[in-house]
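Participant: Sequence:
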Amino acid sequence: MSQQIDELLNFAPCGYLSFTDDGLIVAVNFTLSELLEYPPDHLSGKTIDAILPIASRIFYQTHFFPLLKLHDKLGEIYFSLRTKQGNDIPMLINAVRRQQGESFVNNCIFIPIRQRIQFEDEILKAKKVAEAACLAQKQAEIALRQQYDRLILLGEITQRIRQFLDLSTIFEVSVREIRQSIHADRIGIFKFDPDSNFSDGEFVSEAVVEGFDSTIAAKISVHCFGGQYAASYQQGRIQVVEDIDKAELTECHRDILKRFQVRANLVFPLLEGTYLWGLLCIHQCSTPRQWQESEITFVQQIANQLAIAIKQASLFEQLQQELRDRQQAQQLLTDRNQQLALTNAELDRATRLKDEFLANMSHELRTPLNAILGMAEGLQEKVFGEINQSQIKAIQMIERSGSHLLELINDILDVAKIESGQIKLDLTPTSIAPLCQSCLAFIKQQALTKRIQLEIKLQPHLPELLVDERRIRQVLINLLSNAVKFTPEGGKITIEVSREQQVFPTMRPTDIGMGIKKYIQIAVIDTGIGISPEGINKLFQPFIQIDSTLNRQYQGTGLGLALVKNLVEIHGGKVNLTSEVGVGSCFTVYLPFADDTEGALAVSQIPTKLISESHQPEQDIPHLILIAEDNEANIMTISSYLNAKGYHLILAKNGQEAIALAKSNQPDLILMDIQMPVMDGIEATQQIRLDPNLVDIPIIAMTALAMSGDRDRCLDAGANKYLSKPMKLRQLETMIQELLNARGETDGTT
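If you use the working numbering, the sequence shown corresponds to residues 314 to 1063, in order.
Worth double-checking, as some hints may not be accurate.
[Unchecked claim] Okay, derived cross-link-like pairs now, DSS-like style, lysine-lysine, Cα gap no bigger than 27 Å in a straight line:
1. Lys695 to Lys763
2. Lys451 to Lys440
3. Lys624 to Lys737
4. Lys757 to Lys805
5. Lys831 to Lys887
6. Lys887 to Lys851
7. Lys757 to Lys1041
8. Lys1041 to Lys966
9. Lys770 to Lys798
10. Lys805 to Lys737
11. Lys851 to Lys805
12. Lys887 to Lys737
13. Lys770 to Lys737
14. Lys757 to Lys706
15. Lys976 to Lys966
16. Lys798 to Lys763
17. Lys770 to Lys831
18. Lys851 to Lys667
19. Lys763 to Lys706
20. Lys737 to Lys763
21. Lys571 to Lys559
22. Lys798 to Lys831
23. Lys451 to Lys438
24. Lys737 to Lys1041
25. Lys382 to Lys359
26. Lys1041 to Lys695
27. Lys451 to Lys504
28. Lys667 to Lys737
29. Lys770 to Lys887
30. Lys1041 to Lys706
31. Lys887 to Lys976
32. Lys624 to Lys504
33. Lys798 to Lys1041
34. Lys695 to Lys706
Treat the hints as calculated values from the structure; they're not laboratory data.
Turn these sequences into a full structure, and let the hints steer you where they fit.
Facilitator: What follows is the structure, given as structure tokens:
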């Protein structure tokens, strides 16, 4: 019996299709497969979307399937199916929903509208005698054609909505087509004023029969409609009024409708998501009207499509605005980048000019200082002959003044290096106690001159610090020198060193001090003149002295404490100051240390070759030294000193001469000035190192530039050692002797 039913269903004169709630086709009869031009069983397992054109798909999603789920059955529903070749066939559909196990199956019967029309025509011809039936058939045909036309119209409007983003064009087409389809007197689209809380708005599009007033641009205050209207529309409800005189309306509402000659109306909300954008209004102005369900359904479908168009246009406008904003932001970013590039170029130029100025200033100041200090040193060592006690004192004064000037130059250059980020730390494990003791020894003579008592207090078992010893020595000597300078005769200076645990919230993290809370505290305490609270704020600024009268009483540039602060901070530390006028001051330096540096770190002691105090060459044959230098004062200073020490000298005044003399004389050592005419010392050194006969000759580079990177440039060019002018002649001679001794050992000579 079941097989007979299946065969009967499979070859029935109407199409049959069964699908799940997910839209999956589970059964289709031969009639429908043939009608849609598919092989038998080809559609099973596909989704229903495969046979639905766009308009039908929208109708299925928004109307057909929701109503089927709600009522479990539908009858006399019209929409099109699409064949395999892409042709649309209008269909009349009856559907029923049944539960199978835990799921539901939706069974549909499809009758092609053209086939239905043919059937009805045949029935009409066969039953000419039945006028009532014929009239009913004609009405059904009209209704069917109306439904079909409206379905086609809905598809066309939907297609236009997909093609256009201009709301005015979409509205104009929609109101015109709706009016022609349902033969209403006026179709209007009303938009709420976004800032009116649904109390004001205006009609923005309209199609109206000639003879009735236009509503376009008419401002309407709808607050008299009552708050329930907007709330109802926001929930998606429609308003159906067949006769305004008989409907339950507020008088205000009725008066506004009569103002526009309305006798009956339909109102559909236009929702942009959940926001009530406006209303689609259908007005019958000539007479009251009984609205048909098919008309309401049709207009509701149009309203749904218009809501999609509004949302789509809103999203497009948002996208356009975002694009405009992004373009403006991009242009602003481009402008700012260009301005930043110009600013950076100016900064680079200013930095370059500053570096050039500092380099030139360093060279121009250090060159004469080299001669002054070198001559003073040579005179004191009696290189030029015996001198009396008065002359010694005068020369010592010259040396002290020159050394002070050199300190000022070095301070200025150090500040410039720190500000430009050029200073580099040479971090080594350092014992703090010996460092503090050596710094006290350095200022001991100054303190004795003023009868100032010096004291040091060291906490036992202090850990070693990972610091740049030369820079921390510079910090402590600066603080101690200031203490001596501003402490009156008979005063006292104390240096206290202890281990502390503190947290400084404002301390910037560095690669040394990040996350460390343990510090070595070095306090320099004096009984000097003291500093007022107002002066403390200025104290660590470069070139600032808190009282201009002090500048005349105590010499200085005001750079020392600025250097102290910067050098400590780049170590990850901090400087604090407490002071009382007339009592004294306490400068406290906090330097961080990590747990793994606690205790006495074992630092290997590298044996150092001792050099005799006389620094006299030990060989019988004097060494030959080539001096490449163009400054006459420096030539005289260096040559006089080295001649007195027993060296033989030859002189070149530029790089080319140095290369030629090196090739012809094969000197034991070369002193190479960097800044020379014709060819500078860097290039000359490089050329010498390319000659196999000269490659092993020691070269000491000498420069008055003393800028960041000078040492590396000289060593990279091939120099063995580097000295910054002005230099100590004894230091120069010691370096010469070390290099000569090292070369002698390599050559197997002494």
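Participant: Provide an ascending list of the numbers of those earlier hints which the structure does not satisfy.
Facilitator: Numbers 1, 3, 10, 13, 20, 22, 27 and 31, in rising order.
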